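J.: Protein chains in written order, with my numbering: chain Y, 51 to 386; chain V, 22 to 363; chain D, 1388 to 1728.
Derived by calculation from the structure, the hints in this document are not laboratory data. One or more of the hints may lead you astray.
[To be verified] The calculated lysine to any residue pairs, modelled on SDA-like cross-linking and capped at a C-alpha distance of 25 Å, are:
no., chain 1, residue 1, chain 2, residue 2
1, Y, Lys101, V, Lys216
2, D, Lys1458, Y, Arg135
3, Y, Lys303, D, Val1719
4, V, Lys250, V, Asp353
5, Y, Lys78, V, Asp360
6, D, Lys1691, D, Lys1458
7, Y, Lys254, D, Thr1717
8, V, Lys225, D, Pro1602
9, Y, Lys78, D, Ala1597
10, Y, Lys101, V, Lys250
11, V, Lys163, D, Ala1588
12, D, Lys1565, Y, Pro251
13, D, Lys1565, Y, Ser109
14, V, Lys216, D, Gly1630
15, V, Lys216, D, Thr1404
16, D, Lys1458, Y, Gly166
17, V, Lys216, D, Gly1534
18, Y, Lys303, Y, Ala334
19, Y, Lys101, V, Thr276
20, Y, Lys303, D, Gln1728
21, V, Lys225, D, Leu1604
22, V, Lys216, V, Gly296
23, Y, Lys240, Y, Val257
24, Y, Lys324, V, Thr276
25, Y, Lys303, D, Thr1717
26, D, Lys1594, V, Gly260
27, Y, Lys324, V, Arg165
28, Y, Lys259, Y, Ile239
29, Y, Lys259, D, Trp1727
30, Y, Lys101, Y, Glu75
31, D, Lys1458, Y, Val257
[As the list claims (entries may be wrong)] Here are the in silico distance ranges between beta carbons for each label pair:
no., chain 1, residue 1, chain 2, residue 2, range
32, D, Pro1435, Y, Asp245, 55 to 61 Å
33, V, Leu325, D, Thr1581, 51 to 57 Å
34, V, Gly157, D, Asp1692, 21 to 27 Å
35, D, Arg1537, Y, Ser109, 21 to 27 Å
36, D, Thr1652, Y, Gly166, 38 to 44 Å
37, D, Arg1533, Y, Lys259, 44 to 50 Å
38, V, Arg282, Y, Gln281, 40 to 46 Å
39, Y, Leu341, D, Asp1714, 30 to 36 Å
40, Y, Asp80, D, Gln1711, 34 to 40 Å
This structure is a prediction, so every number in the text was calculated from the model and none was measured. The beta-carbon is built from N, C-alpha and C at its ideal position, and this holds for glycine as well.
Each chain is listed here by its residues.
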Amino acid sequence: MAVSSSNATSTVMNNVEAVRATLYEALKNDDRTVILGEDVGARGNVFLITKDFINEFGSQRIIDTPIAEASIVGIAVGMAMEGLRPIAEIQFADFIYPAFNQIVGEAAKTRYRSNGEYTCPMVIRTPYGGGVRGALSHSVSIEALFYHVPGLKIVAPAFPADVKGMLNTAIDDNDPVLFLEHKKTYRLIKGEVPDGHYTIPFGKANVLKEGTQLTVVSYGLYVHWALEAAQKLQEEGVSVEVIDLRSIRPMDKGTILRSVEKTRKLLVIHEDNKFGGIGAEISAMVAENALFHLDAPIRRLCGPDVPAMGYALPLEEEFMSSPGEMAEAMRELVRF
Amino acid sequence: MAPRVDTSFERHGLTDEQLVTLFRVMLTHRTLESRGFQLNRQGKIPFASAGEGHEAVQAGAALAFERGTDVLVPYYRDLGLNVGIGLSPYEVLLSLFGRAADHSAGRQFPHHYASRKLGLYSISSIIAAQLPHAAGAAYAIKLRGERRAVLTTCGDGATSEGEWHESMNFAAVHRLPIVFLVENNEWAISTPLAKQMAQPDIYKRAEGYGLPGVVVDGMDPIACYAAVKSALDRARSGGGPTLVEAKCYRFLAHTTDDDDRSYRSREEVAERRKGDPVPCFERTLLERGIMTEGEVEALKRSVLEEANEATDRAEAMPYSQAHDLYTEVYADGWEPWRDIDG
Amino acid sequence: MAKTDVKTGKLERYGLTDDQLRALLRNMLLQRQLDNRGFQLNRQGKVPFALGSEGHEALQAGAAMAFDRGKDILAPYYRDLGLCLGIGLTPYEILLSIFARASDHNGGRQFPNHYSSKAAGLMSFSSILAAHIPHAVGAAYALQYRGDSRRAVLVTCGDGTTSEGEWHESMNFASIHKLPLVMLVENNEWAISTPLEMQMAQPEIWKRAAGYGMPGLRFNGFDPIETYGVVKDAMDRARSGGGPTLLEGMCYRYLAHSTDDNDMTYRTKEIVQERRKNDPVPRFEALLVEYGIMSEKDVDAMRKDVLRETNEATDAAETQPYPQASDLYTHVYEGAWEPWQ
């Protein structure tokens, strides 16, 4: 469980605890908030994020749904249109595809198609990402499939403090938000989380480490590894700036451009596969706005363009980029 | 051998040998599943899932399956069904260990088997996603006028998915040669039947689609054999689809990653264990004089030895290599960027 | 057509007053007139698209009358012009939608017949079949959760939609939670070009209700009074905690699917003509005259009035301005719409 740190105004938590604490606060503070999804009740979600919530808030607010993802999201849309603030959970991001229409065709378009008369204030939370031996159906990254969609917001915070602040923002937001939680960071990543209610705005990246020779943009699990690699390079005398994107749609243009104009080199690192990925949009934006500031081609270190990471360890390891590989990609680009 | 005393014993035309086969499949099922859990606890494999309580329905259904003719589109809790139609314990262990020689080359989660030779379709972990595939395969069989059928399975949880409904409806419209076998174990991970559906008899939905619905005691391998056999026979002979609901139970947690104590009591599980199909069927075979205690012991030893041998062999096999990540993406290469002229 | 009590020879009118019966007819006449108007405007090249619900008039007028304005919620589909009229939308609003004008509820964004009005309790929906049914279920859940007693959700769809997975998921969820919801299927026997027998192996959709553990009922959707009675019962049950009902109203689609469809490619003129004999509009006119609720002259006057109202609405809507180019960028999100910030 979360432990209070010496600093009375914050608490050390991992990412699971940060999600849990934020959901708890939302349920406590606003009785319009309901959670619906598979195994969120007695089981308390497969990662125990909602453990015991059903005992405190009742089965009307903590809804164990049948296994039917399209309607989990669709019912949440109707709840939102009718004034509740639903938080829908897709048990694993890999299971979200049956709900594609409800997210892309319905939730993201409700405000627009009704000219603002109806809105869809809802959060869809889902654990994504690999490195946990999840094989083809418990490892995928889904952000690129959805970030093309106007009307939808997508965030992928990587640190417990960001998880809390951005989940609060997502819950308060009057539009549908896809809230991505990297499942490998759930228990791996711990950090100080300020006590009390606070929000972190969407569309604001975070400069984790300042540097002068190269800008690295990443998010999710990889931002931790990119930071580790950059710190290693610091010892070698190479100065790398690491930006945690945090918010995928909207995306922070200013922070990226200011950094690239300073370092003159850009490396985007993400776990999702490369073709048409988040890195493609970042690269295009930088090419459109800061081409003549660049001293080297933009580089991307991404998952390979294969359908999924396999179950067998070597297949997963090949798919994932390691901190060592990230360091090597950084060195190479700095040398260019 | 003891004389057969009970003439009322309904064996649906099964020979003694077939009854013993049923039992062997059930024992193999249980033994291999335990092996998965053991290997997980030993830290040798990251994951295993279990179908304890499903042994009877799967052994029975497998016996009704016509090898070399029918198609099986299973779900991930069908180890016994797969073994029953011809998958070897060695192949099961290759899957558990995720080795290169596994049918998916170690890509898939354990128990996601596929074997073209056996008529066993490749499946994902996504609930109900296999059911439209089964309907499509049955359509192909019907279109070609073949005397074959598709057996497809799912748990009770999958019947809540839209694709279950769409598949049932399509199969009924086209009177496809297909049997939908629902292994109703009362639990969708932590969600009990009462939270999955307002009325608990899934077979009753069949009428709404205009196809026959049958319910069977999923703890009785002979009854399951008979129900699936008659449905598959009807399917093969142009009689159209059937929905078979087998009532069974999931004795273990959903997977090695699940702790079922959070959502059901030990008492409930202990009570249901009294109906455990493996010892129950063992008793039946002994009481009817089809096997002696000595034969049962020998069978158990043989199954265990086979499992041990398969474990050792599979464990010694190599993993896939890193470059295997890039094969079988398309028929030609994997890179999305092409330079055809360059 | 409407049942007559055999003993008394009186019309079975489910408690409807003469005024209400006349309102039913007016709604039906208005539906038909507005449907025609959409097709006319399309043929005149004034609007690119129109969609007709001829054959659904009785069903929609009857169901709308069972709707409690200001309380209930309607989650319709795109062939529900009459239902939307019946719960309070005006002909002018319909014409704004057909002309896609700026003052349309959707600001001219949606296809015609895709109305929404928060004031009327009319939920916004897309053209995607069955996508709105989980929304209706979610709204019903919200009513139940808040303890909004005496309110219910009326959700409609065609026969074609019952083949969608979301239809099944919604029915199942509504029955598990005993939600205040009425699922009204307007079975017109055609999913664009696909006849019922290619859509389902047994054609009685109401029979699926038993599989979900909820009541199911089929009724004559050509009879506005029977429709009212059946829908009223189901809505009353929903409002009083009795849970959901599946209703199947039998009707027919006389016109092609839309102005872009040619139904003669998949059904014959003769079939449609044969079914026209049951056309609910002239039959209900005749019934009201037969029972002395209206004279022929009254009916004639009503027709004229409906035409006048339609003409006025057409003229008023046509002169309204289109949305402006800049309106493309509003209501993407609550605030700014640019993905780069």
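J.: Against this structure, judge whether each hint is valid.
T.: Verification of the supplied hints:
no.: 1; hint: Y:Lys101 - V:Lys216; verdict: 18 Å, holds
no.: 2; hint: D:Lys1458 - Y:Arg135; verdict: 21 Å, holds
no.: 3; hint: Y:Lys303 - D:Val1719; verdict: 19 Å, holds
no.: 4; hint: V:Lys250 - V:Asp353; verdict: 42 Å, violated
no.: 5; hint: Y:Lys78 - V:Asp360; verdict: 58 Å, violated
no.: 6; hint: D:Lys1691 - D:Lys1458; verdict: 32 Å, violated
no.: 7; hint: Y:Lys254 - D:Thr1717; verdict: 22 Å, holds
no.: 8; hint: V:Lys225 - D:Pro1602; verdict: 14 Å, holds
no.: 9; hint: Y:Lys78 - D:Ala1597; verdict: 39 Å, violated
no.: 10; hint: Y:Lys101 - V:Lys250; verdict: 44 Å, violated
no.: 11; hint: V:Lys163 - D:Ala1588; verdict: 16 Å, holds
no.: 12; hint: D:Lys1565 - Y:Pro251; verdict: 39 Å, violated
no.: 13; hint: D:Lys1565 - Y:Ser109; verdict: 14 Å, holds
no.: 14; hint: V:Lys216 - D:Gly1630; verdict: 15 Å, holds
no.: 15; hint: V:Lys216 - D:Thr1404; verdict: 44 Å, violated
no.: 16; hint: D:Lys1458 - Y:Gly166; verdict: 22 Å, holds
no.: 17; hint: V:Lys216 - D:Gly1534; verdict: 21 Å, holds
no.: 18; hint: Y:Lys303 - Y:Ala334; verdict: 12 Å, holds
no.: 19; hint: Y:Lys101 - V:Thr276; verdict: 18 Å, holds
no.: 20; hint: Y:Lys303 - D:Gln1728; verdict: 5 Å, holds
no.: 21; hint: V:Lys225 - D:Leu1604; verdict: 17 Å, holds
no.: 22; hint: V:Lys216 - V:Gly296; verdict: 24 Å, holds
no.: 23; hint: Y:Lys240 - Y:Val257; verdict: 18 Å, holds
no.: 24; hint: Y:Lys324 - V:Thr276; verdict: 33 Å, violated
no.: 25; hint: Y:Lys303 - D:Thr1717; verdict: 21 Å, holds
no.: 26; hint: D:Lys1594 - V:Gly260; verdict: 22 Å, holds
no.: 27; hint: Y:Lys324 - V:Arg165; verdict: 42 Å, violated
no.: 28; hint: Y:Lys259 - Y:Ile239; verdict: 17 Å, holds
no.: 29; hint: Y:Lys259 - D:Trp1727; verdict: 22 Å, holds
no.: 30; hint: Y:Lys101 - Y:Glu75; verdict: 14 Å, holds
no.: 31; hint: D:Lys1458 - Y:Val257; verdict: 51 Å, violated
no.: 32; hint: D:Pro1435 - Y:Asp245: 55 to 61 Å; verdict: 58 Å, holds
no.: 33; hint: V:Leu325 - D:Thr1581: 51 to 57 Å; verdict: 56 Å, holds
no.: 34; hint: V:Gly157 - D:Asp1692: 21 to 27 Å; verdict: 55 Å, violated
no.: 35; hint: D:Arg1537 - Y:Ser109: 21 to 27 Å; verdict: 24 Å, holds
no.: 36; hint: D:Thr1652 - Y:Gly166: 38 to 44 Å; verdict: 40 Å, holds
no.: 37; hint: D:Arg1533 - Y:Lys259: 44 to 50 Å; verdict: 48 Å, holds
no.: 38; hint: V:Arg282 - Y:Gln281: 40 to 46 Å; verdict: 42 Å, holds
no.: 39; hint: Y:Leu341 - D:Asp1714: 30 to 36 Å; verdict: 34 Å, holds
no.: 40; hint: Y:Asp80 - D:Gln1711: 34 to 40 Å; verdict: 37 Å, holds
The structure does not agree with the numbered hints 4, 5, 6, 9, 10, 12, 15, 24, 27, 31, 34 stated previously, though it agrees with the rest.
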